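Student: Single-letter residue listing:
There are 2 protein chains.
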Amino acid sequence: MSVIRRDITTQDWVLIAPHRGDRPHDHALVRDAHPVAAHDPSCPFCPGNEALTPPEVFRIPEDSNGWAVRVVPNKFGVLTPEGPLQDREDGSLFREMTGVGVHEVIVETPLHNGGLGVMAAAEIELVLRTYQARYQVLRADPRVACILIFKNNGERAGTSLVHPHSQLVALPVVPMQLRQKVAVAKQYFDDQGRCLYCDLVQAEVEAGVRLVWISEPFVVFHPFASHAPFETWIAPTQHQPSFGHASREELATLARVLKKTLQALADALGAPDFNLILHMAPIADETRPYYLWHLQIIPRVTTIAGFELGSGMAISTMRPEETAAIMRDVMAHDNRGGQ
Amino acid sequence: MSVIRRDITTQDWVLIAPHRGDRPHDHALVRDAHPVAAHDPSCPFCPGNEALTPPEVFRIPEDSNGWAVRVVPNKFGVLTPEGPLQDREDGSLFREMTGVGVHEVIVETPLHNGGLGVMAAAEIELVLRTYQARYQVLRADPRVACILIFKNNGERAGTSLVHPHSQLVALPVVPMQLRQKVAVAKQYFDDQGRCLYCDLVQAEVEAGVRLVWISEPFVVFHPFASHAPFETWIAPTQHQPSFGHASREELATLARVLKKTLQALADALGAPDFNLILHMAPIADETRPYYLWHLQIIPRVTTIAGFELGSGMAISTMRPEETAAIMRDVMAHDNRGGQ
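Quick note, the sequences are listed as chains C and X, same order.
Residue 934 is where the first sequence ends in the numbering used here, and the numbering goes up by one at each step.
Residue 934 is where the second sequence ends in the numbering used here, and the numbering goes up by one at each step.
Honestly, the hints are just simulated from the structure, not real lab data.
What you are looking at is a predicted structure, and each value in this text was computed from that prediction instead of being measured.
Just to be clear, a hint being listed does not mean it is correct.
[Unchecked claim] Covered stretches of chain C, as calculated for chain X (at least 3 residues, CB under 8 Å):
(1) 600–612
(2) 641–653
(3) 685–691
(4) 738–749
(5) 752–763
(6) 860–872
(7) 917–929
From the three backbone atoms N, C-alpha and C, an ideal C-beta is built for every residue, glycine too.
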C-alpha cells in the first residue's frame, strides 16, 4: 500500500507508491548509447573553442593558458547582468520587471566526455571551489536576492549540451518555494530554538534506515519524504546556512563524498540522468540560525506528469528506506577507493 | 531581454526568456512517428479486453453492452480506496499517513487511436460529463479533501499507455500548492470583495493581447505569467468555484471550445505532447466566492530541469502575447468547423 508523507521542510505532501513502478509501458526508454569522444571540434566548451563563448569571467588556474574549470556568461541566459532592475507595478494584476540578473555556465573540465562521476576528487574540488568563488562575487551585487547553482546531467534532466557543465543563476527575487522553506524553518526556530534542517539531519542519522553514508562533516541520506526514487541529499552535519562559508577542507571532503555518491547512483541505476541542485539560503538569510545548505541529487527515472504539475506534489515509486539500502550495499562492494 | 512576471494566483515569479529557444541542442527531439491502429488486441483499454482492467465503476451509456466512455480503478493507483485514513503523527519530524484515496482511469473512447483533438465535440462532451459524474460521487466521500482530474498526452507528458485516457485522483489532503492558491484568492476576496480569478479573466479579456478566443460562457487565453510556451487556460466567464456545478449546456459548449483549442495547438505546434489539468477548489471551498475552476493545457515542448526543480519557478521561452497571436491566426484559417 502507498503512503502519504509530509515533507517537514515545505509542509507539502509526497506520495510514496512502490508498486506503481510495475505498470506497463508502451514507450521503451531509448538511450543514446554511442560513445562520446574526449574532444569535439564543434563544441563551444571544448579547449580551443574559447572564442565561441562570451568572454570568460573566471578560470582555474588563473594564470595559465590552459584551464581546468572555466566560467562564462550563458550565451542564451534567462537573465542579463546589464541595466537597472525596473519594476512595472502599475496597480494592475500584471506585474513585470526587467530580467536583470546573472546566468553563468561553469565548464567543469576540458574533457568533452568527462563528468563529476568520473573525474578525480581533486578535480571535483576545483568545481566546488568555483561554485563558491562565483557565489562570493555575485552575492555582493545589491540587485541579487538569491543564487541557485545546479547541474542538468543527461537529456531527461534537461541538458542541451553534452560537455560537462553546471549553471549558476543569480536572481533579483526570491522564489516562492525558497521563501516558504525559509519561513517554515524560521517558525521552527522560533518555536524550538534550533535549526529545522539540522534537527532533520540528526533525526535521519538516528533513524538510520534512510542513511547512505556518513563522512564527517557530511551525511548522505535518502530523505523521508523523497520526491523521486533515489533522491539523495548531501548535507553538513553542523549548522551552515550558506555554501559560501564552507571551508577549503570541507570542500575537499565534499568532493570525495560527491564522487562516491554519484558512483553509487551510477552503479545502482546504470548511469541515470540526474539534476544536481545546490540549495542555499537567500543572501539576506545567509548567516541566520535557521537554514542549512545542502546538495540534492534527483535521478530522472520517472516523468513529471499531469498529477505533479496540477498538484505540485511529487510521486515516488520506491521507498527511500529501500533505495538507501541498495546504495549502502553498492557502496560496500565498491573497491575503487575515494580518488 | 527577458522579463520576470508575477503570477498573481500563486504569488510566485516566472521567467519569460524569448531568445532562450535559440540555443543549440546536441539532442534531437526523436518522435515515435509510426501510425497507431484503431484497435490493439493487447491494450487493456480496447473493447474486448474489459476483463484486463479492475471492475468498471462507470460507463456511458449505462445500459449497453458497448460503451463510449468507461471508468475503471487504476490498476497501479497511487492511492487505494480501502481502509481508514490512519495518521501516524508521533511527534517526530516523520509524519506519515496511509495512502487512502481514489485513483481512476477514464477511458475516453473505444478507439485506440482516438483522442480529444480528433474526437467529435459530442464525444468529448461525454468525457466531460464523465469527469463531472465521478467528481460528484467521490466528493461525497468524507475521506476526500480534493479531486484532481488530468490527462497526460504523449510520452514527454508522462503517458505510459497510448490508448486515450484521463485520470482522476481523489486525495485525503489538500496539496500545498492548491492550499496557497486558495489562501491568496481568499485574501484578495477579503481585500477587494471580488474573486481574484474572475478579475484576472476580465483583465485578460480587456487587455486582449493574450486572448485566443471567447465563446461564451468561456474564454481561452495564454496567461500573462505563462509557465511554458503556449500554456493555455480555458476558464468560465462567470464565477464558478467547482466544475461540479457546470450545467449540461456549459459542458456542451466546453467540449466544442476544448476541441477547437486542441486543434489550434496541434496546428501551431505539430501535435505536441501535453498535459491537460482540470483545476478545481478543494471540496470544502467549492461554493466559496473566491476560486474559479479552469482547464490548463501545458504543451511539453521544453524539459523541466535543475532550475525549475531547484527554484519552483518556471521558465517560458516564448511570450504569451506572441503565442496567443499565433493561436488566433491558426484559428482564423481553420475551416473544419466546430464539430
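Student: Taking the hints in turn, state whether each one holds.
Tutor: How the hints compare with the structure:
{"no.": "1", "hint": "600–612", "in the structure": "holds (count 10)"}
{"no.": "2", "hint": "641–653", "in the structure": "violated (count 0)"}
{"no.": "3", "hint": "685–691", "in the structure": "holds (count 5)"}
{"no.": "4", "hint": "738–749", "in the structure": "holds (count 4)"}
{"no.": "5", "hint": "752–763", "in the structure": "holds (count 7)"}
{"no.": "6", "hint": "860–872", "in the structure": "holds (count 3)"}
{"no.": "7", "hint": "917–929", "in the structure": "violated (count 0)"}
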